[in-house]
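**Q** Next come the chains, spelled out residue by residue.
Protein chains: 2
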Amino acid sequence: MYFSYPRDFKERELAPGIVTKLVWGERIMLSHATFQPNSTIPTHGHPQEQTGIVIEGELDLTIGSETRRCRKGDAFTIPGGVEHSAVSGNSVTVVLDTFSPPREDYM
Amino acid sequence: MYFSYPRDFKERELAPGIVTKLVWGERIMLSHATFQPNSTIPTHGHPQEQTGIVIEGELDLTIGSETRRCRKGDAFTIPGGVEHSAVSGNSVTVVLDTFSPPREDYM
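Residue numbers (the working numbering), protein chains in the order written: chain A, 1225 to 1331; chain B, 1225 to 1331.
These are calculated hints, taken from the structure and not from any lab test.
Do not take every clue at face value.
Pairs count within a copy or across copies, as identical chains cannot be separated in the list.
Derived DSBU-like pairs (lysine-lysine); straight-line CA-CA distance at most 35 Å [as the list claims (entries may be wrong)]:
hint, residue 1, residue 2
1, K1234, K1245
2, K1296, K1234
3, K1245, K1296
The structure presented is a predicted model; accordingly, all values stated were derived computationally and were not measured.
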């Protein structure tokens, strides 16, 4: 109930080359996403707040009208409703995203 | 406003040998914690839900009356109010914790 292992996570392909593993409680959903090099999440938005941190590799992240290159250890907060997109760099990139409340469309 | 870099994170010593870097939005707080080997977070609880994942190393985590060894990629969810404690293994351990709502005592 309290502990989850990668084999138990729900897996979801977010876009070509981008697979995430999901685990959630009542208020928070963790999304441990692996991007193959040069993979794109198209512009989208959702009502949930999203906060994340780059674990490995790098990501060009656009939030609203602002684009920054995020590297290992860099974090971001996307308020609910703000459109965003992402493109991974030339190496495999791992991003830990969180959503609150959890995204029902990912369950 | 959307992007945060490690130099901007709020740093906090959670216990001897355990330092975390904090970043938060309105609904989620990320806590990127580094444990020196064999460091302990004593038993405690808080009303916020806590969900986390081990990024590096290993951690003996006790939630309620259940203890498990969590390794890289293992995740956990601690409902609000449930007591928990943690002891890191023999190597430096990195854990990404999240709290919802954000912990005001950490701001």
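**Q** Work down the list of hints and note, for each, if the structure agrees.
**A** Against the structure, the hints:
no.	hint	verdict
1	K1234 - K1245	both (6 Å within a copy, 28 Å between copies)
2	K1296 - K1234	both (24 Å within a copy, 17 Å between copies)
3	K1245 - K1296	both (19 Å within a copy, 14 Å between copies)
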